[in-house]
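Take the two lone chains and join them into the complex the hints point to.
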Amino acid sequence: VSLARGWSRREFVAAAGAAGLTLGFAPPAARSARAAAAFVPNAWLTITPDGTVTVHLAKAEMGQGIGTALAQIVAEELEADWKDIRVDFPTNDPKYGRMFTSGSLSVTQSFDVLSRAGAAARIMLIDAAARDWKADPVDCIAERGVVRHVPTGRSIAYGDLVARVPITKKLSPEELKAITLKKPREYKLIGERLPRLDIPEQVTGRTTYGIDVFLPGMAYAKVAYPPTRAGGTHTAVDDTAARRVKGYLKTVATDDLVAVVAESYEAAVQARDALRITWDRGPYANVTTASIVQEYERKARQKVDDVWMKTGDPGAGMAQAVRTHTATYTTDFVDQAPLEPMNCVARYDNGGYDLFTGTQSQARAVQDLSKRLGVEPAKIRIHQQYLGGAFGRRLEWDVLFEAAVIARDAGRPIKLIRSREEDFARGFPRSVTLQVLKAGLDGNQTIVGWEHTIVGAWHGAGFVDDKGRTVSAFVGSDHAYGIPNQIVRPIRGEHGVPGGAYRSVGPGYTNFAVETFLDELASLSKIDPLHMRLSLLGGQSRLANVIKVAAARAGWGTPLPPNVGRGLASVKFALVKVPPTWLSAVVQARVDPASGKVTVDKITCAVDCGIVVNPDGVRAQVEGALLFGLSTALKERVTITNGAFDQKNFEDYPLLRMDEVPEVDVQIVESAEHPSGVGEPPVTVIAPALSNAIFAATGARVRNLPFLPERVLKALRDKA
Amino acid sequence: MTTLVINGRSYSVDVPPDAPLLWVIRERLQLTGTKYGCGIGQCGACTVHIDGASARSCGVSVADAVGHKITTIEGLHPTNQHPLQVAWIAEQVPQCGYCQPGQIMQAAALLKDKPKPTDTEIVEAMKGNLCRCAAYIRIKRAIKRAAGTA
Chain D
141 VSLARGWSRR EFVAAAGAAG LTLGFAPPAA RSARAAAAFV PNAWLTITPD
191 GTVTVHLAKA EMGQGIGTAL AQIVAEELEA DWKDIRVDFP TNDPKYGRMF
241 TSGSLSVTQS FDVLSRAGAA ARIMLIDAAA RDWKADPVDC IAERGVVRHV
291 PTGRSIAYGD LVARVPITKK LSPEELKAIT LKKPREYKLI GERLPRLDIP
341 EQVTGRTTYG IDVFLPGMAY AKVAYPPTRA GGTHTAVDDT AARRVKGYLK
391 TVATDDLVAV VAESYEAAVQ ARDALRITWD RGPYANVTTA SIVQEYERKA
441 RQKVDDVWMK TGDPGAGMAQ AVRTHTATYT TDFVDQAPLE PMNCVARYDN
491 GGYDLFTGTQ SQARAVQDLS KRLGVEPAKI RIHQQYLGGA FGRRLEWDVL
541 FEAAVIARDA GRPIKLIRSR EEDFARGFPR SVTLQVLKAG LDGNQTIVGW
591 EHTIVGAWHG AGFVDDKGRT VSAFVGSDHA YGIPNQIVRP IRGEHGVPGG
641 AYRSVGPGYT NFAVETFLDE LASLSKIDPL HMRLSLLGGQ SRLANVIKVA
691 AARAGWGTPL PPNVGRGLAS VKFALVKVPP TWLSAVVQAR VDPASGKVTV
741 DKITCAVDCG IVVNPDGVRA QVEGALLFGL STALKERVTI TNGAFDQKNF
791 EDYPLLRMDE VPEVDVQIVE SAEHPSGVGE PPVTVIAPAL SNAIFAATGA
841 RVRNLPFLPE RVLKALRDKA
Chain E
82 MTTLVINGRS YSVDVPPDAP LLWVIRERLQ LTGTKYGCGI GQCGACTVHI
132 DGASARSCGV SVADAVGHKI TTIEGLHPTN QHPLQVAWIA EQVPQCGYCQ
182 PGQIMQAAAL LKDKPKPTDT EIVEAMKGNL CRCAAYIRIK RAIKRAAGTA
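Taken in order, these protein sequences are the chains called D and E.
Add 140 to a position in the first sequence, counting from 1, and you land on the number used in the numbering used here.
Add 81 to a position in the second sequence, counting from 1, and you land on the number used in the numbering used here.
The hints are simulated quantities; they were obtained by calculation from the structure and are not laboratory data.
Keep in mind it's a predicted model, so treat the numbers as computed, not measured.
Check each hint, because a few of them may be wrong.
To spell it out: a stretch of chain D is covered by chain E in this simulated footprint if at least three of its residues, at any positions, have a beta carbon under 8 Å from a beta carbon of chain E; those stretches are [as the list claims (entries may be wrong)]:
1. 345-356
2. 400-413
3. 477-488
4. 747-754
Think of the CB as a built atom: it goes at the ideal place given N, C-alpha and C, for glycine as much as any other residue.
Here chain E stands alone, though its shape is the one from the complex (with noise of 0.2 Å):
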């Protein structure tokens, strides 16, 4: 059995430590706002926080994860009032929305590194992340929302 701390509270699960923990966390635990995009860390939907920096959990086996803090977008914000969550909904960000946890977990680790983010910044923060509805414009304009400088 493997022990994971996700979102402050204790998993144990028996899975082989080579496995990613995308899919511990979406199938196993049904955590189900983590995506599956792409597998290999071309597309960000699967974006989580370990210990507060953003990381591809398509890219992180089980074992490595093991003794970390791991967060997910339901644990992004005790009641999803998130300042980005806010900024999505007040900017009408998503349209199908499928890669918006990643997009925002990815954000949220921007805002904290960053709380003012250029708009440089904040490209280059969230290029990894693909978003084939093409709804960039208003990421964009909810992080700056999010971040007060819009």
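Here chain D stands alone, though its shape is the one from the complex (with noise of 0.2 Å):
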């Protein structure tokens, strides 16, 4: 067996001046060979004289098929020929912009880019054709890889051009600003159901994760973890033990942490196992899941000046209710436990750094890994790979660091693999939070006022404002509904442990509570929670529509059995000032009310997230995303004793599996709108709606996220 497998190919890509990996048949010899005649019009897209077109993806591929999607784009204005698009994963450059993956911005956030770098890459084609035949361009057109003269029928195919032809039009920014782009009753590949390009690969045990590659010479590096999460320190190293067995390479100590460095995986768990270390627990070996929820509950009465968001007047507004509704929500840690343990493979070399891994953050990686390590974000070279994936987890680089102090002293190229009980232990959870909701409500039952209080630790790696604030944090509490005189006041609550992004981030748990605080008011004034979103919506809108036809699909207001109830929830989903997702859905469960077991039967979900560029990856998002919130309202919960987290692996922290996986009915709504993202939204509205539904089938409320039986049970109590 070669260790140098996963290598020689990655070089030879790198040596053709397309760093990354390339999803194709064509061997890399002939590649490279062609790459000096490659037409690289932009950053975006490589045409070689064979006529494949290679997208080059700035986004991690985690799932969610991006890497398609954002080929379609490419190609529909290019109008390329599907079978030629191959895509890689270019390793950071400035040239690709802020290089990260979150928030569902993707598409939403390249279609612009894209296509305008698909469609100047076709005018440059063109025009190259045209002048070849002393003909007009304007009598020239480009259909499925193909320039061809209109008058005469002559046509050349894009490689063909690209081999034999100059290529010398230029396009300035505002030329390239100027393009007309496609209508959407002209798109040829955006809105078809093509393969993910990446699937074959996946099902023969072919792609290459973070995890899977081999460097020439590579070592094993296993990190002793301090026994806290955060502030724990080593005072003392002996590593004499470690140095006897067999494999050994070097103790790595550092400031920033104690690792081994052995000959295979085994020696290095067994050396670092080996290793005596005197730790200082820090300044959080007192946390306590209990210690924080106190902390914050202080802090949700405390009077705060910082105000979010703010409609009309909230004081006058209250004054004027004839009764107003009070509920806290809160949410436990929940951990991101994407299936592929983090892991990175590093490289130093002659004062720059080779990492290999998948990433969703290389930007904030470059960025925060040249201040720490001393060197110019030039020597960091992220190689990004798949992502066995991510879910938030992956913007944080934390192994990346690791791997790099690491190598720096290895001597050797090192093979960081984190277990998963290392992983649960090292994780970045969404923080627990602790929402107060309060609504007045005048005489015919129309809300007047509303308060929305949030205390949380923010994630890192967010969306910050100008004032420094994590919107993404809280984003979510400015619902679309219309109602008068609202305040928002998010306050950070600090605990010591760093606060992860988790998929949905902020309206993971904003959403949960205004949809579930709306349930409570529709039940106080008697009026159907559907009907009430809908006047409150004005009954027009984008949202209203997605509400209906999630609602008539599901068959609302139809007899169910006793125990069993529908529950209905919403979002207009954008954490930044993007277009957003507006999406509905409807659970119905059942519930068992001597054990308090939750059993869902069916999730009904309607989303318009403006024009689908690929219907069947749109799909499998929601999903899969739907299924994700599931879980996440089922069952997930990290909690915390003396600065340490109590779950280590998947039999304490329990994810969704296929035996607890209820019928699913998802309707994509048309629209010609700008496309929005898919990949959060479903998530936000499950836990509303389980809620709903468990109210609906039972009259008892669970404001507590996850909602395990023994909650469900003394909501049954508190009821009774």
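Shown next as structure tokens:
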């Protein structure tokens, strides 16, 4: 077995000027020989003389099918033949802008850029052909990878153009901006159910994730982590016993970490376990879940001046209410738990770092590592691999930093693979949150005042506003409903545990509170929650439309047996100022009153995400995200005791399994609006829709996520 | 030296007898289609066949694997056209894809045993395999397609 297997191909591609891995069939040698003549119109695509169009993806592929969707966007305007399309994942470069993948933003933010990249290349190819034919470009059209001169019928394939004809036309930024893009009715590829380009490799086990990278001469590293999640440091290290382990190579002890390097993974584990380390447990050694919740309760009662959103006059609104309703919602820590554990292969050479991993966060990682390692950003090269799930966890670059520090000292490339237990212990879970919602109702049951207080430790790697606030941690509280006199107060609750982004970030809990609270108000006012929402939306918006579609398909209002109920929830999802996705779901659930166990029988969802680039891709994302939300709502919980997380593996952090999967009905609404993202919005509706379904089934309200049987039982007792 | 027979080929490896088969397959032999997910038999990402039956390679020692026929995703079908692989593409099952070799190996063992499994039999056989992307609906559909019961 050659250790060079994974590397030689990569070096080849890098030498050809397009670092990263290529999904293709052409042997590397053939491609590199032709690369000198490749046409590179911009950062986003390369056309080689064999006619292959390689779309360069600045976005991470972590299961969204993003490579195929972005390639469809480029190919549409390029008028490429789909069979010629390949994708690759280039190494970080400023020419790709700020490289990150999060917020369900990839399609919505890339759509215009990539459409213009494809269109510009098409215009340049047509110009070259016309010059060659001494024809007028307006008499030429491009279609399926061929330029054709309409009056004479002459034609030339893109590959032949690249091989034989000088392509000289340049487009100024103004000209690029002025290109008229296709109208939706002109689309040939956008909107098509094209199979994903990467699936054939996935089903044969050939996909290379970060954990599958091998470098020549590579050793294995294991880090000895402090016993507390945050603030722990080593004060003494004795590696006498570790040195006796067969295969031991080196101990790396810096201010940042203690690690062992060995010839094999097993030897590295054994040697690391043999280290005798004295730890200072640090300032957060007494943090427990209960201490966090108590602190949050105290903070929620404090008067705070920081107001994120305010409409009308909240004080006057509340003053005119004839009655008020207040409810407190909590969510526990939840771990992203991507199935591929965190890992990184690192090589230090000539003052530079080559890091092989799958990350959502190239831009931030390079910026931070450059500072902490004391090198220019250009000296940090992240060789992007496929991601075996991410869900926000791979927005953090902790493992890249560890691997880089170890590789610098090891004298050899190293591979660092976390165990599942280490991944849970070193997690960046979504923070515990506590939210208080208060509404005032007038004599006509109209909501006249609304106060939303959100306490949580905001996630790292979020979207920050000009006041330095992590807006993505409390967005979603700015819901779409026409309610006057609103105020939203975000309160940052510090507990020392690093907060992470968890698929759907803020709206994962803000929408839980908002949509459950609306249901409570509907019940108090004796109004059907469906009608209440529609009346608050004026009945005609895109959100109202998906609510109506979901409700109709779910049979809203039709009778159900005892202890079975339907709950409705919706979302306007946009983490930053982009076109939102509008989504609604009805959850039908059964409650066992004896045990408190909740079983979901059916989820009916309608989504409006504007122009649909790949309908099956959207459907797959929505199906998966709804079930991800169900897993979160039913069972996921991390607790912390004395500064360390209690959950160690999937035994005590269970995830949704096949026997818990309900019937799922997804309806995608047709639209010609700008496309918006679908990876996260479905997650946000399940918890509230399920809470509302439990209420409809039993009259008991659960406000603490996840809805563990004991919590449902408590709610049933509280009601009685 | 320990000799293992994987996908019809003999491999000699110098590893401690208690080393988990998973790490030998993945890191020594670089048959990386077999994935590490939990190390305690909770996720099924490391599923292989031992003498035709599905097994979690994280829980099998090298010593116990000696003398048995081991099959990984790379050896499931000579041209990667196993009915399940074909069905997985037709149904566009994978999202991140990381768990999918294990899912396919688990399903292949099921179909060998029960060529026309009922829905209940599918769920019983597959509930030990985690998919964090929750592509479960399509996994089930692809198994039924491969079994000709869709």
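Evaluation of the provided hints:
Given as covered by chain E, the segment 345-356 of chain D passes the check, having 8 residues with a CB less than 8 Å from a CB of that chain where 3 are the minimum. Given as covered by chain E, the segment 400-413 of chain D passes the check, having 3 residues with a CB less than 8 Å from a CB of that chain where 3 are the minimum. Residue count for the segment 477-488 of chain D with a Cβ under 8 Å from a Cβ of chain E: 5. That meets the three needed, and the coverage hint holds. Figure legend: the segment 747-754 of chain D, annotated as covered by chain E; annotation inconsistent (0 residues with Cβ-Cβ distances under 8 Å, at least 3 required).
Of the numbered hints given earlier, the model fails hint 4 alone.
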